[in-house]
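Taken in sequence, the protein lines are chains A and B. Positions 1 to 391 (our numbering) are the ones given, in order, by the first sequence. Positions 1001 to 1279 (our numbering) are the ones given, in order, by the second sequence.
Any given hint might turn out to be false.
Going by beta-carbon spacing under 8 Å, a handful of chain A positions derived as facing chain B [said to hold, decoys possible]:
#, residue
1, Trp100
2, Gln101
3, Leu109
4, Asp346
To be clear, the hints were calculated from the coordinates, so they are not data collected in a lab. Keep in mind the model is a prediction, meaning the values are calculated, not measured. Note that beta-carbon positions come from the ideal geometry of N, C-alpha and C, so glycine has one too.
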Amino acid sequence: MSPSAPAPARKGMIIDRDGLQSLLDRLSARGFDVIGPTVRDGAIIYDRISSVDVMPEGWTDDQDAARYRLARRSDMALFGYAVGPHSWRRFLQPPEERLWQATRQQVGLTIHTTAVPSAPYAFIGVRACELRAISIQDRVFLEGPHPDRRYAERRRGAFIVAVNCTEAGGTCFCASMGSGPRAADGFDLALTELIDANGHRFLLEVGTDAGAASVEDLPSRDADAGALVAAEEATARAAAGMRRKMATAGLKELLQANPEHPHWSEVAERCLACANCTLVCPTCFCSTVADYTDLRGHEADRVRRWDSCFAADFSSIHGGPVRASRRARYRQWMSHKLAHWIDQFDISGCVGCGRCITWCPVGIDITVEAAAIRAAPPRPAAGEGDDDGNA
Amino acid sequence: MIPALPPDTMMPEPWRVRSVVRESADVYTLGLESLSSPVPPFLPGQFNMLYAFGVGEVPISLSGDAADVSGFVHTIRAVGAVSTALSQAQPDSVLGLRGPFGCGWPLTEASGHDILIVAGGLGLAPLRPVIYHLLAHSEHFGRITILHGSRSPAEILFRSELAMWQTRPDVSVAITVDHADPTWHGHVGVVPALVERAVFDPPGTIAFVCGPEVMMRFSAAALLAAGVGANRIHVSMERNMKCAIGLCGHCQFGADFVCRDGPVLPYDRIAKRLAVPEL
Ligand SMILES: Cc1cc2nc3c(=O)[nH]c(=O)nc-3n(C[C@H](O)[C@H](O)[C@H](O)COP(=O)(O)OP(=O)(O)OC[C@H]3O[C@@H](n4cnc5c(N)ncnc54)[C@H](O)[C@@H]3O)c2cc1C
Ligand code: SF4
Ligand code: SF4
Ligand code: FES
């Protein structure tokens, strides 16, 4: 789905497990690299899938701060879990990629680019919060003055099959962030999994022309009113079942006015600066580069890989890091996510997916930390000069 | 639809070193010429990403004359792996270059004003293109005052040029050193002290400040105390930079990407942030 294509009016159809398999088959036959959920090492992750059989059928996840466990469901749902440690970001902005290679010549130097793999991606099972995260990364990588060519290449061919959440995960708060649990736009196809007296089936909605073309002649039947209502109720249930909330009103101003709030030191006492939160976050975009040469010193590679504002040398300039303390690094991460992001990209950097809460080894919870700063805002110190507010 | 693919701004182009001048013990000025594309125009205050083969890539300001379209000039202090490799480049060797990037000094806004240049150490390098511009278009500007501080007399940057500029009737130059030696008979002390002594007309002045962050903070405080408005003070910020195009996140300073929204930023916009340690 391309970022700005309008979503035509919805029409629903019903497919079953076999229908989903036919969809996967069609997408691979059309040359897509089909990526979807599967179980590995005790977690639901995203990887290449060729068959519904490798999907997490009958699994769910039990999530809370610093807790993630897979558990068996009483039914055979294919999408009966929330989000795991992976996000689609790892495909659109890979954890590591070679940007270019330089060769030393008799006189001088030639620099040649490394191609981006040519098969476009089809993503199966993209949650509403993840659609929002992709649209946020689109703003970061495509809509600034210097778009990222490699991201653009991977993004423009991508086909997106969304799935509406019918149960909230233990750490989810997408309803607070306005990003879920129902996929509003940004997909080619959207599924809602229904398991009730009428059987196990998927309500399939079409978001784009490409989506419509992909389901032409797919074994299906028209959605009856009952299925549409059941889907609506299921997503409403997910919204109502969310245990966490983030109060977003005035949050940007609050954080930007409070860089010296004592709570930053309190969080720093617990934070290990392990960077887990940034590595699982679907909107984090920071990267670094590294250079390598072959043994003869004739060829040099430049590699780009994910980086984290929690890393010790992230802010290093000659003479040492700007943000030496954990207090400063946590403050940077959270203030960027929830405040500066809005100045930079006109949208919050948090979609409420809860990953940072689940995967933080000490259970630091962004919703709780934001609430703590709101609960006791010391009066902002008067600074010199008239800032634009983002101190 | 994502239309045509954008150019790959992470790809450097090969540039040949055509001259190397040793400025002081660890500072070198490289003249570079393009081996592929025509030389792009630049604004005083902008920087390039310079790549030393196999070692790495770092941000380095343009220090030459923007009116010279035959190539680029960079002045580099060898402080670590990449800057040392760059400063050891031999004539005819080839470096990688991307740029120019960032916002320059606000020369249009400065027109009609007296200009105060406050440069600490190597901070004079990104200000030299401004000085060239001011001198070439002196009819558009009032008095030009250049305040430069360096650690020792031997480290005074562009010393013969400073002496030459000083001979112009519309320019005054003051130099201070942190540590004098027996040859030095001038000011001893930090740059902000020069601001206190300088004779200029604060309400009609625009100040351009570049140097280490503490030096910029104290210079800005001295300028404010002298009566220069916070919106008339511009500083060039330094942060870690890996991409220079707003994509890698390293250079963030509050909501600003220093590479893209800076490096030159108006003091009134960042004063509060500068006062917060480790931001
Ligand atoms: C906008 C801008 C303009 C600059 N202009 C000049 C100039 O004209 N002349 C000059 O000599 N220096 C300039 N610098 C500083 C120069 O970029 C650093 O000295 C250089 O990056 C040091 O790299 P290194 O590998 O030699 O040192 P190391 O200390 O070994 O570097 C280690 C790491 O820290 C990063 N790093 C270290 N110091 C800095 C720094 N000061 N700024 C950004 N990243 C840093 C490097 O990228 C590297 O990843 C400028 C910096 C910025 C941000
Ligand atoms: S900050 Fe946490 S909850 Fe918000 S998008 Fe990132 S990982 Fe999800
Ligand atoms: S907040 Fe948690 S996950 Fe993030 S760096 Fe600190 S300890 Fe690691
Ligand atoms: S240097 Fe990469 S965002 Fe500024």
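| request: Would you check whether leucine 109 of chain A satisfies its interface hint, that is, whether its CB is within less than 8 Å of any CB in chain B? | output: Check passed: Cβ of leucine 109 of chain A comes within 4 Å of chain B, closer than 8 Å.
| Quick one, is the glutamine 101 of chain A hint okay against chain B at 8 Å, beta carbons? | Hint violated; glutamine 101 of chain A Cβ to chain B Cβ min 11 Å, cut 8 Å.
| field | Per-residue hint verdict: aspartate 346 of chain A, partner chain B, C-beta under 8 Å | value | violated, 11 Å
| field | Interface restraint verdict for tryptophan 100 of chain A against chain B (beta-carbon cut-off 8 Å) | value | holds, 6 Å
Hint compliance for this structure: hints 2, 4 are not met, and every other hint is.
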